[in-house]
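Peer 1: Can you build the whole structure from these sequences, using the hints too?
Line by line, the protein sequences give chains E and H.
Take the first sequence: its position 16, counted from the start at 1, is 16 in the numbering used here, and no numbers get skipped.
Take the second sequence: its position 20, counted from the start at 1, is 205 in the numbering used here, and no numbers get skipped.
Keep in mind that a hint or two might mislead.
Covered by chain H, per the in silico footprint, the following chain E stretches (three or more residues, Cβ under 8 Å) [as the list claims (entries may be wrong)]: (1) 44–58; (2) 80–91; (3) 120–133.
FYI, nobody ran anything at the bench for these hints, they're computed from the structure.
Where a beta carbon is used, it is the ideal one built from N, C-alpha and C, also for glycine.
One letter stands for each residue in the lines below.
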Amino acid sequence: MVKAYTQEHIYKHPWERVTSASWRKFADPENKRTLSHILEVDTLNRKLDPESGKLYTTRALTIHAPGPWFIRKIVGQDICHCVESTVVDARSRSMQLTTRNVSLQRFIEVEEKIRYEPHPDNPTGWTVCKQETSIRIKPLSTLASMAEKVEQRCAEKFMQNSVKGREVMERICKYLEAESGGIAL
Amino acid sequence: MGMGKREKKSSSNSLSTSPCANLRTAYHNCFNRWYSEKFVKGQWDKEECVAEWKKYRACLSEHLDDKHLSRFLEAEGSVDSVPLSDLRNPVDGAPTGVSQ
Chain E
1 MVKAYTQEHI YKHPWERVTS ASWRKFADPE NKRTLSHILE VDTLNRKLDP ESGKLYTTRA
61 LTIHAPGPWF IRKIVGQDIC HCVESTVVDA RSRSMQLTTR NVSLQRFIEV EEKIRYEPHP
121 DNPTGWTVCK QETSIRIKPL STLASMAEKV EQRCAEKFMQ NSVKGREVME RICKYLEAES
181 GGIAL
Chain H
186 MGMGKREKKS SSNSLSTSPC ANLRTAYHNC FNRWYSEKFV KGQWDKEECV AEWKKYRACL
246 SEHLDDKHLS RFLEAEGSVD SVPLSDLRNP VDGAPTGVSQ
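Peer 2: Right, dumping it as structure tokens:
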């Protein structure tokens, strides 16, 4: 049982600003209320390739994912750890983030891929974001009947959160725009 | 600059209980500045925020006891070589050592 979703969004901001916003998305205290399901974000690893202009980063996301009581009972926790690997290619201007859960894998596998690239119609002014999410509930026999429902709930939750994520991104872009306007000579 | 103000605010408002929260904020602030002011503008020849990163990372390796996550700390400098299969099927426990 796999469910997959794709979404696309166009930011009317340049790629440099949108990807800067992406790094700040979870860390900015202003957004903690909106993205309250994100409890912690830690950078575990980073590597810069000065030859190619590629930046590799691994971050840990601790996510609060409350479900119905019977899920908590089975799973035993409502905290989920995810690992996000990001590759930013400054030369070709692309950023790709891949996020997977590393805990609760016995029950569920979620993979989210986000790609930010300059919009082909306005490469210096706009950015296109493509997002692919796939959710797989492990077919445990005792869970099989309710797995479908869980999957649906999970998907709904993801969609809600990605809308919230977009709102936060737009807000940070505006803020960065104002900031760069103030500093510009 | 207002940067100092924001730093203070984020550490007091933070929900985080992590003992590394202040070092994390310092590193992330430095990183964000470097990313938007240098890296995306073509100045990618030099890694910055090295001191902040070392302090933060030392704290993490001391306090990160979740085995799912600490695997990624151990793999320092090889982010790009972590195979997808490894992300999917975490191996519990440390490697048993390389035989000669």
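Peer 1: Counting residues of the region 120–133 of chain E with a beta carbon closer than 8 Å to any beta carbon of chain H, are there 3 or more?
Peer 2: violated (count 0)
Peer 1: Under a C-beta cut-off of less than 8 Å, do 3 or more residues of the region 44–58 of chain E approach chain H closely enough to confirm the stated coverage?
Peer 2: holds (count 11)
Peer 1: According to a criterion of three or more residues whose C-beta lies within less than 8 Å of a C-beta of chain H, is the region 80–91 of chain E covered?
Peer 2: holds (count 6)
The structure shown violates just one earlier hint, number 3.
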